[in-house]
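Visitor: Residues per chain, in single letters:
Protein chains: 2
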Amino acid sequence: MELKNDLLLRAARGEKTERTPVWVMRQAGRILKEYLEIRSKLSGFIELVQTPELAAEVTIQPVDILGVDAAIIFSDILVIPEAMGLPYTMEEGKGPLFSNTVKNEADLGKLKIADEDSLGYVIEAINVTKKELNGRVPLIGFAGAPWTIFCYMVEGKGSKTFSHARKMLYTNPVFSHKLLDKITDSTINYLKGQVAAGANIVQVFDSWAGILPAGQYDDFSLKYISKIANAITDVPVIVFAKGAYASRKSIGSINCDVVGLDWNMDIKESRSLIGPDKTLQGNMDPATLYADFGTVKSETRKMIDQFGKAKHIANLGHGVYPDMEADKVKCFIDEVKEYSSRL
Amino acid sequence: MELKNDLLLRAARGEKTERTPVWVMRQAGRILKEYLEIRSKLSGFIELVQTPELAAEVTIQPVDILGVDAAIIFSDILVIPEAMGLPYTMEEGKGPLFSNTVKNEADLGKLKIADEDSLGYVIEAINVTKKELNGRVPLIGFAGAPWTIFCYMVEGKGSKTFSHARKMLYTNPVFSHKLLDKITDSTINYLKGQVAAGANIVQVFDSWAGILPAGQYDDFSLKYISKIANAITDVPVIVFAKGAYASRKSIGSINCDVVGLDWNMDIKESRSLIGPDKTLQGNMDPATLYADFGTVKSETRKMIDQFGKAKHIANLGHGVYPDMEADKVKCFIDEVKEYSSRL
Chain S
1 MELKNDLLLR AARGEKTERT PVWVMRQAGR ILKEYLEIRS KLSGFIELVQ TPELAAEVTI
61 QPVDILGVDA AIIFSDILVI PEAMGLPYTM EEGKGPLFSN TVKNEADLGK LKIADEDSLG
121 YVIEAINVTK KELNGRVPLI GFAGAPWTIF CYMVEGKGSK TFSHARKMLY TNPVFSHKLL
181 DKITDSTINY LKGQVAAGAN IVQVFDSWAG ILPAGQYDDF SLKYISKIAN AITDVPVIVF
241 AKGAYASRKS IGSINCDVVG LDWNMDIKES RSLIGPDKTL QGNMDPATLY ADFGTVKSET
301 RKMIDQFGKA KHIANLGHGV YPDMEADKVK CFIDEVKEYS SRL
Chain D
344 MELKNDLLLR AARGEKTERT PVWVMRQAGR ILKEYLEIRS KLSGFIELVQ TPELAAEVTI
404 QPVDILGVDA AIIFSDILVI PEAMGLPYTM EEGKGPLFSN TVKNEADLGK LKIADEDSLG
464 YVIEAINVTK KELNGRVPLI GFAGAPWTIF CYMVEGKGSK TFSHARKMLY TNPVFSHKLL
524 DKITDSTINY LKGQVAAGAN IVQVFDSWAG ILPAGQYDDF SLKYISKIAN AITDVPVIVF
584 AKGAYASRKS IGSINCDVVG LDWNMDIKES RSLIGPDKTL QGNMDPATLY ADFGTVKSET
644 RKMIDQFGKA KHIANLGHGV YPDMEADKVK CFIDEVKEYS SRL
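Protein chains in written order, with the working numbering: chain S, 1 to 343; chain D, 344 to 686.
All the given hints hold, so there is nothing to weed out.
Some, not all, of what chain S presents toward chain D, calculated at C-beta under 7 Å: (1) Arg166; (2) Tyr170; (3) Thr171; (4) Pro213; (5) Tyr245; (6) Ala246; (7) Trp263; (8) Asn264; (9) Asp285; (10) Ala287; (11) Tyr290; (12) Ala291; (13) Tyr321.
If you're looking for bench data, these hints aren't it; they were derived computationally from the structure. Backbone N, C-alpha and C define an ideal beta-carbon position, used for all residues, glycine too.
So here's chain S without its partners, still in its complex pose (with noise of 0.2 Å):
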């Protein structure tokens, strides 16, 4: 089916647009109240992400309420551990915990390689949400990196330092490297069958990239996320590293098409270091949302004017907090919009 709006699809190729094409990370989620009403009907938060339908109605309410120009496929990083074979719990304000973890040879024997199948719920839900989009705007599919993904599997539950899983680099790279190929391997699989289904464009998120010193993150992150880039070749791949400044230079070699941006990191330096060829998404900062409507028109235009026309897709440069208002979060789709079709 074709595309009515296809501006972020254009943008991430490096096409002109008559706007700047825009989204928010986190835009399904706690800041509609249409989103509250469905989660509140259900036991947590895992539920809904295996819910097709209702993952699908999630997934399209920021489309209807706040007008952004994708939608993003309601699901959550760790399906992918939980396909391989460790599953986990979601406690409220307290983050996802995993019953076993990943520590030795045993363990990673047991690890299947995940596939389309053990994933359904979220195909379906693509499924779902392609239909009833209906060619309104793109579609965007996305996983975690490999090694946020193994801070989890190593870790088992959200951590400040993720001192277990970066040990295990330190004493056991040979172990990690074979967890991170299977990770990658289960990625693939997954955001393929995402492509398949119908996502038209595709989001590695790196959360823990800025734990990591350059050397390692180019060894044990960047070079899986390459490998994921290599193999999708049907759509554009967005790759957002949260806090690897150092790395920006080394993402900008791989073969994505689109570099997001973190609201810590200098554009026109970023630009500098990624270099001109690719898109980059991004980046103001979430906590410009709590200011006044005036301010956050005006953080937004400077945010536009930094990065110029071509070449981008707005965003914020990391989820928006859940007590953030929706009509900040629209000030800022709308003022992106208007802004950018009258430069």
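Use these hints to put chain D onto chain S, whose structure you have.
Guide: Positioned in the frame of chain S, the structure of chain D alone reads:
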């Protein structure tokens, strides 16, 4: 009293030293079984901080056991909010929790400016420590940076995003500056008290530097650190702003003597941004200490080679993790001493 080992102070002032001085952030703490013995007899962390004889004892342990070139007074950055009128509890494995936070002018009005008296137990711990150290090595005093203290006073607990604290900067910058001023005045009193009691050098820890965009960092954090650096005239001042990648140049321009680097800051790039005058401190990846002894040694030598022999205080790029082996920490310390002596 004249110091028998003043390497750290001479390096901090930019003078030549026979070898590179070394200490380790969180050197007094759970990595030492001697610390755990004392800790096990007490109700908790805060009791240890508030008992001068015991605080002094654990302060000196790493000098005896690890052979560091400086002691750092065992205390907590959150003694400042406590002294200002916001008490906190420390929950095992969960971090600090404040029963009250600072939300408005009324809350702000109730806060005291901390003075030496309200922090008498730290001053007394310094007195005892100095006596028992008997001039063996310098004693480092410390405080949190006003922005980091602000984070806890507004948020009330640890957080991945400190979104409430960051919201305050956007919704009420005038109020935020007033609170930061009050924290800064308290911190200056406190550090002056530490120096009067015998601290030979002080370090300002800005643990949450990395969550602010560069412009906001300069305005809401560095400005106040700079005030502190200007006020402390008798001893050298170390500034450690974790994650402040984009602000290294501006940190280089304030009136401090030493700039601490975290493990993700490239050494040569940091030197070039900070300029040739200041001494640098850091910055080996703490997770390196999980590796075997050979790797610890080779990584230590690599770090020394990159910093060069002059204007460097060796340290990790973050506090040592609690589950690390004391022998590995000692290996790092010994290798710094031995290798830098041969240069």
